[in-house]
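Protein chains in written order, with our numbering: chain A, 21 to 295; chain B, 21 to 295.
Just so you know, not all the hints are guaranteed correct.
[Claimed, not checked] Simulated restraints on C-beta separations:
no., chain 1, residue 1, chain 2, residue 2, range
1, A, Asp163, B, Gly290, 42 to 48 Å
2, B, Ser203, A, Asp260, 54 to 60 Å
3, B, Asp197, A, Glu69, 23 to 29 Å
[Said to hold, decoys possible] Computed footprint of chain B on chain A, listed as stretches where at least three residues anywhere in the stretch have a Cβ under 8 Å from a Cβ of chain B:
no., stretch
4, 42-49
5, 187-200
6, 269-283
[What the hints assert, rightly or not] With a straight-line Cα cutoff of 35 Å, these simulated DSBU-like cross-link-like pairs (lysine-lysine) come out:
no., chain 1, residue 1, chain 2, residue 2
7, A, Lys193, B, Lys194
8, B, Lys159, A, Lys194
9, B, Lys278, B, Lys41
Hints listed in this document are in silico derivations from the structure and should not be mistaken for laboratory results. All figures in this text were calculated on a predicted structure; none of them were measured in a lab. No residue lacks a Cβ here, since even glycine has one placed at the ideal position from N, Cα and C.
Number of protein chains: 2
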Amino acid sequence: MAPLHPIGIFDSGYGGLTVFKEIERFLPGYDYIYLGDNARVPYGNRSFETVHEFTWQCVRMLFDMGCPLVILACNTASAKALRTIQQRDLPGYDAQKRVLGVIRPTSEIIGQYTESRHVGIFATRGTVVSESYVIEIEKFFPDIKVHQVACPMWVPLIENNEHLNNGADYFVKKYIDELLSLSPDIDAIILACTHYPLLLDKIRDYLPNHIRVIVQGEIVAGSLQDYLQRHPEMNARLTDTGTRKFYTTDDPVDFDAKAGLFLGHSIVSGHADLG
Amino acid sequence: MAPLHPIGIFDSGYGGLTVFKEIERFLPGYDYIYLGDNARVPYGNRSFETVHEFTWQCVRMLFDMGCPLVILACNTASAKALRTIQQRDLPGYDAQKRVLGVIRPTSEIIGQYTESRHVGIFATRGTVVSESYVIEIEKFFPDIKVHQVACPMWVPLIENNEHLNNGADYFVKKYIDELLSLSPDIDAIILACTHYPLLLDKIRDYLPNHIRVIVQGEIVAGSLQDYLQRHPEMNARLTDTGTRKFYTTDDPVDFDAKAGLFLGHSIVSGHADLG
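The shape of chain A in the complex, shown without the other chains (with noise of 0.2 Å):
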C-alpha cells in the first residue's frame, strides 16, 4: 500500500472536533489524522512557552506520520504558538511542510457578520491575552472594534458533560453579561474556541436575538478548501483514499467514550507516545 500524505488536525484535546468534523463535510475525500494532546489538555491558562513547547512537539508527530500540512484547530495554540512555528520552527525543520491556525480565516471573514462594527469574542484566557483576535481583525478590517471575555469556566463544564445542566447557566450568564457590559453595540459574537459550540444554544438563550453567534468550524473548513485550491502543490501531495485515522496522548478508551459527543458518531483511536 502507499503511504499516506493525510492532512494533520490537532487539538489540546477534544474541541477540534468540531472543526474536523466540518473540513470532513466540506473535503470528504481526503485522509485525515486527528490528533488530540489529552495528556496535557487544557491548553487556555497556559503560558506562552508552555503552549508552544506542547504544540510543536504533536506537530512534529504528524509530520512523522506523513502529514504535509496540519491545521491547529484549536484556538489557544493558533494564538500561542502559530507565529513562532511559521516564521522559526518549520524553517530549519523542513520548508516544505505547512501549519496552518483557525484566527486567520475567522478574522478575514468577520467583516460580513457585523453592521455595528463592534464584535465579540468569547475565547480562554491564553487567547484573549495573546491579542490575536484583535491584531487579526485589525489588519482586515481596521474600522471593527473587538470587545474580548475569558471564559475559563466553560472547557471545564463542556470536559464534564455538564454544559446542558442547569449547573452552566451561571457561567454562561456570567461571561455574557460581562461581555454585553463591554458595549452594548455588539451585534456579532466569535466563539473562539472549538469547545465553544457545544454551549451554543444555552449561549443563544442568555443573547438578544439580533446578535449573531459565529461558530469557526464551517469557516475553517471553507478556508482550507480555498487554500488547497490557491496551492495546488500542496494539493498534489496529499492523498484521497478517505481514511480517517484518530491519535490521542491519553487513553484511547477514554477518548473514544468522550469524542463522539463532539464528533456526532463514535470512533476508534490509538495512542500517541509523547516519548
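Got chain A; can you put chain B on it based on the hints?
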C-alpha cells in the same frame, strides 16, 4: 555554602500548598522545595500511565534538586503513581530515596472520626477509579464501608477563583447529594483532593451538622513528623536551615499570583523546565 537536602513537596499544581502549609507549621525547621506541575495540571481525569509518567518525571526533578525525601501532596498522584514509583522505579534508580503519599496517612487514622463506620470520599475521578481509599482503609479498618463520589468540577472552580461565588453552589450541592444518596449513615467525609479545603465553607453549608469533614493537611503533617521520628537515618540526611523554595513547570508569575490564595501569604517561585 553546604548543599541543602530539603524535603520535596510535589503536586500537580496549587493544591499541594494546602498540605505544605500544615507541614511547614508542624515542622518549620527543615528545608523545603515545592514543585507544582502547572504546565500539565489537572491530573484528575488522566490515565494511570500518564499520571505515573508525569509524577515520576517531577519526583526525579526534586531528587536532582537534592531532596532525599519527596511527599506526593496530591491524591491523584498518590493513587495512580505512588505504588509503581515505590515498587518498580525507586529500587532501580536510587534505593536510598523515599517517596511518600497522602492516602496511607489519611486511611490509617480515619477510624477515629467515624462512629457509624460509613465514610464518604470526595475526590477526583482518577482517585475514585483507582479505589485507593477503599483498598487502604480496608487494610486498617475492615469494618468501615467507604462510599466515593468524583467531583470533577471542583478543581476548575477553585483554580478559576469561582469557589466562593454562587456558581459553585450547584456543584457543591450536586456532589453532596450524590454521596448522601449512596448511604444515609455516612458520618465522616474525607476531602481527598488537596484543592478541596478551599471549598470547605460551602461544603459545610450543604452538609448536615453531624457529619465531620476531614481535611488532609494536618493529618499528612502529623504523619510526616511521626515518620521522621521513626526513621532517624532519613532525618539525619535532611538539612534544617529553614529555607523554602518554590518551582512551577509553567510561568512563575502566574504561579505566584495564585499561590497566595492557597498559602495565605505571597511567594516568589522559579521555573522548572520539563526539558
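Hint check results:
no., hint, in the structure
1, A:Asp163 to B:Gly290: 42 to 48 Å, "45 Å, holds"
2, B:Ser203 to A:Asp260: 54 to 60 Å, "58 Å, holds"
3, B:Asp197 to A:Glu69: 23 to 29 Å, "42 Å, violated"
4, 42-49, "violated (count 0)"
5, 187-200, "holds (count 4)"
6, 269-283, "holds (count 4)"
7, A:Lys193 to B:Lys194, "20 Å, holds"
8, B:Lys159 to A:Lys194, "47 Å, violated"
9, B:Lys278 to B:Lys41, "15 Å, holds"
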